[in-house]
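Take the sequences, apply the hints, and build the full model.
These protein sequences, in sequence, are chains A and B.
Reminder that position 461 of the first sequence reads as 470 in our numbering, one-by-one numbering, no gaps.
Reminder that position 193 of the second sequence reads as 198 in our numbering, one-by-one numbering, no gaps.
Mixed in with the good hints there might be a few duds.
Just some of the chain A residues that point at chain B, by a computed CB distance under 10 Å [stated by the list, open to error]:
(1) THR142
(2) LEU154
(3) ARG156
(4) ARG159
(5) LEU160
(6) LYS194
(7) LEU198
(8) ALA201
(9) ASN203
(10) SER334
(11) ALA336
(12) ASN344
(13) GLY363
The hints are simulated quantities; they were obtained by calculation from the structure and are not laboratory data.
Glycine included, each C-beta is placed from N, C-alpha and C at the ideal position.
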Amino acid sequence: MTITTNPPSSPARRARVPGRLRIRTMPGRIRALAAVAALAVLVVVLVTTLTVQDARDGLRVIGHDAGPQVVATGDLYFALSDMDAQLADALLIGGDRGLADRRAAALRTYEQRRSEANRALLQGSRLAGTDATEQRTAQEMLDALGRYERLAGQALQTDEQSNHAAGPPPAAVTALYRQATDLMKLDVLPKAYNLTLDNGTKVRRTYEAKRSAVLNGRIWVVLTGLLLIVVLAGVQWYFIRRFRRLVNPFLALATVGTLVLVVVSVALLSSEAGRLRTAKEDGFDSVLALSRARAISNSAHADEARYLLDPGRADTYEQVYLDKSLAIMYVPAGNLDKYYTLVDEKIGGSDFLGFFGTEAHHVTLPGQQEALRKVLSGYQKVQANDRNIRQLATGGDRRGALSAKLNAGTGDFGDYDTALVSLKNLHGRAFDKAISAGDHGLRGWNIVLPGAAVLLIILILAGVRPRLSEYR
Amino acid sequence: MRLRRIGLGHALALTLLAAAGCGVAGGATPSVSGKDHLVIGVSKDQPGLGFRDGYGAYKGFDVDVARDIAKRLGAKHVTFKPLASGQREGALRAGDVDMVVASYSITQQRKTQVVFGGPYYVAHQDILVRGTDTTVRNVRDLRGKRLCQVAGSVSWQRVTQERKIQAQLVPASTYGQCLDDLTSGTVDAISTDDLILAGFAAQRGNQVRFVNAPFSDEKYGVGLRPGDIGGCEDVNKAITEMYQDGTAATLLKRWFGSTGLNVTTTVPQFEGCG
Chain A
10 MTITTNPPSS PARRARVPGR LRIRTMPGRI RALAAVAALA VLVVVLVTTL
60 TVQDARDGLR VIGHDAGPQV VATGDLYFAL SDMDAQLADA LLIGGDRGLA
110 DRRAAALRTY EQRRSEANRA LLQGSRLAGT DATEQRTAQE MLDALGRYER
160 LAGQALQTDE QSNHAAGPPP AAVTALYRQA TDLMKLDVLP KAYNLTLDNG
210 TKVRRTYEAK RSAVLNGRIW VVLTGLLLIV VLAGVQWYFI RRFRRLVNPF
260 LALATVGTLV LVVVSVALLS SEAGRLRTAK EDGFDSVLAL SRARAISNSA
310 HADEARYLLD PGRADTYEQV YLDKSLAIMY VPAGNLDKYY TLVDEKIGGS
360 DFLGFFGTEA HHVTLPGQQE ALRKVLSGYQ KVQANDRNIR QLATGGDRRG
410 ALSAKLNAGT GDFGDYDTAL VSLKNLHGRA FDKAISAGDH GLRGWNIVLP
460 GAAVLLIILI LAGVRPRLSE YR
Chain B
6 MRLRRIGLGH ALALTLLAAA GCGVAGGATP SVSGKDHLVI GVSKDQPGLG
56 FRDGYGAYKG FDVDVARDIA KRLGAKHVTF KPLASGQREG ALRAGDVDMV
106 VASYSITQQR KTQVVFGGPY YVAHQDILVR GTDTTVRNVR DLRGKRLCQV
156 AGSVSWQRVT QERKIQAQLV PASTYGQCLD DLTSGTVDAI STDDLILAGF
206 AAQRGNQVRF VNAPFSDEKY GVGLRPGDIG GCEDVNKAIT EMYQDGTAAT
256 LLKRWFGSTG LNVTTTVPQF EGCG
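What follows is the structure in structure tokens.
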């Protein structure tokens, strides 16, 4: 909204100026009054058009640009992160005959994620829009992913040649895997995650700017509408006094028309502001938080596999696992044992922070509570499996740890991820609904407003015409 | 009469606009964005990261990063303020400093107190022992050893609490003192971020040994006042640019190039502001 203090005052000033300057002829005065009224109509319609445009811009950025990109970049992160997780699983299984099926499945999923990630990156413009920096980021990711795939291929090949038993592979394999996973973790994944965050920033800023522009614009619509009504009433009053006429029906109709226009516009703008808020607060915010929770969950799950795969780095993988878990669901725990205990204790309530805390403290949609409960109980199972896996591993039963990870660990994580996605989709639907209601509400307004302007001006002209003709 | 009414409407509209404007800018929390003068909390005793030289000037990687971020945020003047590890949250919350850049690890616990931009770098905790010591190969070998403990630092907690390794803690005020204690034999090991230890190792040559068994990711964040979401987003943008235009690589090379440490020159995964 760029309307400043000028428009409402200028017609008023003009109303006085011709009154003083062109007082000599009556037709001149009538024409001047008609011009002032017509100008006031244009001001009302212009202010309304600009405010409707603000609402339209808000819906476009939030609903059709940055909003969907959050989902797209979130999916990209998941695909990339899961590639590395599946690679770790395959390398852990190695040449173990009993687990050959499991290894083949991991490699199939790896391939599937690889093509998903490549597809998303090749459609870089969909992710990056027209922003040059973001385009470059998408290109750099594509290059880095190429290097990753080469390293992953070498690691798998070396692993196959070594034909090792299930568990940590030989040093040569680990060295190659470290290069691959470092590339993924330090280069590729941060770029994907930061793109998601960038789009979140874009949505937040657009929302704050456009929503307040719509709310302020609404006030200007009322003020300029009132001004028009005052002008029309003034002309009416002047005609009654001057020409001793009864109420002029055309001017009366124009006044009623203005009133209707203002009321309808204000109602529309209020509901558009409300839809923007619903889309942002009940839809987008949760979609963003849950996309991030899913990204972090998947990478924590992969850290569990890496913990088993690479004993040399097990300490770091355990520390980052705890840090990521705390980001997903924060309870004040200084180490993993304490964390498992506190998760069991608090998961039934909502006395926790992190992504799940935000979600649990903002329950607004039907079905959200149940969907959230599923996510939380899934998360509790994932953590219980993690505890079991680590206990087996530290107790020396690496084979047991691996099979716990590949069986319950993988299955329960899949269920948890499904629950998380359906909670995210619940918010996604609320978002889509609010956005399409917003789009629908604005439909036709680029015709309605000029149409209203033309109609009001015709009514004003029709109203003054008989008075002018008296002087012919 | 008509003019007066309009004037009144005007005044009303302007008041409403002003009120709405304040709400958007986050009137309650002053942001680092668009401030002419920034007060930045740094450390004064971490070689290579943040230290005060003989002339009282602040130097180091953190200090250069802070200056660069401040410039990109549009600040014209920067004042550095020394902060001990334990003072950082308090100084931000009390408004004594606008921003903290002081090897300040982002932890989920600290995130409940302050907002973090970045990380601008991810360091790793490692171990430094005497040159003659061959018994320590990873963090678990610290069991029973005398470990230097600096107050307000998370480093010793990562060993004794997070990893539950029964090391014997010997208090010291700074990591500089730890280094003297290590060479004189009062402590057996120092464990903190590789960026600091590598600097020590370069300083003391064969007297000490850098174990090179990293066991954590330390996400160095830019601490901001609670609620400064807009400032946090701008800090992240500044860090992204810092990596994209090569400034980060130059600074890392300047401060850690001679240590032989393998530094990462791609932009880290941000923590997120909300």
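Structure-based check of each hint:
no. : hint   : verdict
1   : THR142 : holds (7 Å)
2   : LEU154 : violated (14 Å)
3   : ARG156 : violated (12 Å)
4   : ARG159 : violated (18 Å)
5   : LEU160 : violated (16 Å)
6   : LYS194 : holds (8 Å)
7   : LEU198 : holds (6 Å)
8   : ALA201 : holds (9 Å)
9   : ASN203 : holds (5 Å)
10  : SER334 : holds (9 Å)
11  : ALA336 : holds (6 Å)
12  : ASN344 : holds (5 Å)
13  : GLY363 : holds (7 Å)
Violation of the numbered hints given earlier is confined to hints 2, 3, 4 and 5; the remaining hints are satisfied by the structure.
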